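Protein sequences appear in the order of chains A and B. Just so we're aligned: 18 in our numbering is position 18 of the first sequence, and the numbers increase by one with no gaps anywhere. Count along the second sequence starting at 1, add 303, and that's the number in our numbering.
FYI, nobody ran anything at the bench for these hints, they're computed from the structure. This one's a predicted model, so the numbers in the text were calculated from it and none came from an experiment. We treat Cβ as the ideally placed atom computed from N, Cα and C, and that holds for glycine.
To spell it out: a stretch of chain B is covered by chain A in this simulated footprint if at least three of its residues, at any positions, have a beta carbon under 8 Å from a beta carbon of chain A; those stretches are:
#	segment
1	313–327
2	349–355
Ranges of calculated distance between the beta carbons of each label pair, as one might list FRET restraints:
#	chain 1	residue 1	chain 2	residue 2	range
3	A	247	B	426	51 to 59 Å
4	B	426	A	246	55 to 63 Å
5	A	219	B	392	50 to 58 Å
6	A	264	B	410	43 to 51 Å
7	B	364	A	246	41 to 49 Å
8	A	247	B	339	56 to 64 Å
9	A	276	B	377	41 to 49 Å
10	A	180	B	325	21 to 29 Å
11	A	295	B	379	32 to 40 Å
12	B	335	A	21	48 to 56 Å
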Amino acid sequence: MNAMLERSLSAFDTTAPLAADGLIKQYDHRSVLRDVSLAIEPGAVLGLIGRNGAGKSTLIRAMLGLIEPDAGHATVWGVPALRLTDAIKQRLGYVPQQPEAMAWLQVGEMLDFIGRFYPRWDAPYVDATLERWQLPRNRLLAKLSPGERQRVAILRALAPRPELLVLDEPASALDPVGRRELLREIASRAGESGTTVLFSTHIVSDLERVASHVAFLHEGQLLLHSELDSLKERNLRLHVPESVAAQLREDVPGEVSRRPHPYGGLSITVLRGEDTPWPDLLQVPGVRAEALPLEDLFIEVSA
Amino acid sequence: MDASLLSIQPNAAEPLYRQITGQIRRLVAGGVLRPGETLPSVRDVAGLHAINPMTVSKAYSQLEAEGVLLRLRGKGMVVADLAAPPDLATRWALIDPALDALARQARELELPADALLDRLKTRLTEDPQ
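Work out the full structure, taking the sequences as your base and the hints as a guide.
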């Protein structure tokens with residue numbers, strides 16, 4: 001009953017499940033987050049990409065209130081992240097990059113223990129998944145391989161049927177089959193139950209399968225946040241021959257990067273706005289254009 | 304139709320929903336998917352390819368709006384009747400280059416137009432091999 005009531009209440013929740021405003025964080029005088037603002041709309045699957053050390057984990061931890069930022073603030077369904085209530089935490093599933101050990105417990109004991117804190121804990125799902133993944137309930141957590149430990153952490157986050165699922169590099173210790181299975185689970189949760197998902201990764205093809213939105217984090221700065229389809233349709237890399245390049249006086253509208261092309265002239269990447277036409281340069285004879293795969297676009301934007 | 308007929312390339316520059324719409328349009332135009340044939344459910348396509356069901360829905364809805372697919376109650380998406388033949392102008396535009404080439408060769412070989420048309424007519428009424 002409680003669970004049902006909670007669910008129907010949350011259906012009317014129009015505030016962003018997860019939002020950050022002006023987050024700044026420094027460690028040892030090194031800026032890890034530089035004024036990051038980001039809001040995730042209900043039902044979105046946001047893939048956060050960035051190189052190692054870009055600040056992805058710090059951003060996630062700050063958005064969930066697990067660390068205190070030096071400035072700015074984060075909210076979960078409108079509630080300050082640093083003061084989350086139990087009711088909010090029950091609607092939230094989190095898979096940290098380094099799952100906490102609890103090494104002295106068996107797999108089954110740990111899951112049963114955690115399950116008591118969640119009214120919507122799906123015990124049959126836990127049993128079915130343990131069997132599918134061939135994880136014996138009586139195995140000590142200390143004896144698990146890194147991949148198995150990650151699977152248990154994922155199961156622990158999914159079992160409460162969270163409305164918001166946050167996964168920090170969930171695929172890092174999984175093999176390709178395990179990764180595919182996880183993506184399928186994330187996609188179906190989002191598509192069928194309307195779960196909002198935030199996941200960080202450096203494997204771009206994983207993100208491209210399931211994400212509805214994508215955010216680029218680079219050296220603590222949010223360079224881009226867009227719907228994924230739209231981002232793919234709004235970018236072009238232009239190969240500008242020398243003769244045309246020589247007459248370019250200013251930046252091209254929407255220009256995000258410019259470098260010499262290996263065979264002469266310039267290579268210019270543009271990202272137009274949602275309602276902005278392509279730059280006139282595209283019509284100039286000799287200029288060739290190609291849409292970039294996400295991975296290449298990320299490299300251009302963070303160059 | 305089986306969901307595995309679709310080939311999904313997440314790394315491509317083309318958005319996934321456009322990969323799906325493009326492939327279904329071609330399968331329909333090429334007659335592989337016939338009018339009335341049922342498409343795999345959103346869930347099946349998304350599950351098989353480990354992609355977001357919303358992406359598949361978006362592709363199906365767009366094809367429905369274009370008239371390529373029809374949403375039938377209790378049956379899901381089927382190929383629409385009108386989807387198969389492209390309009391006449393499009394079909395003429397596809398064959399015109401071949402006609403131009405034929406006319407040019409006939410002139411080069413100095414073959415009479417009447418005889419050429421007769422031979423073409425014969426071929427059109429014969430069963431294709």
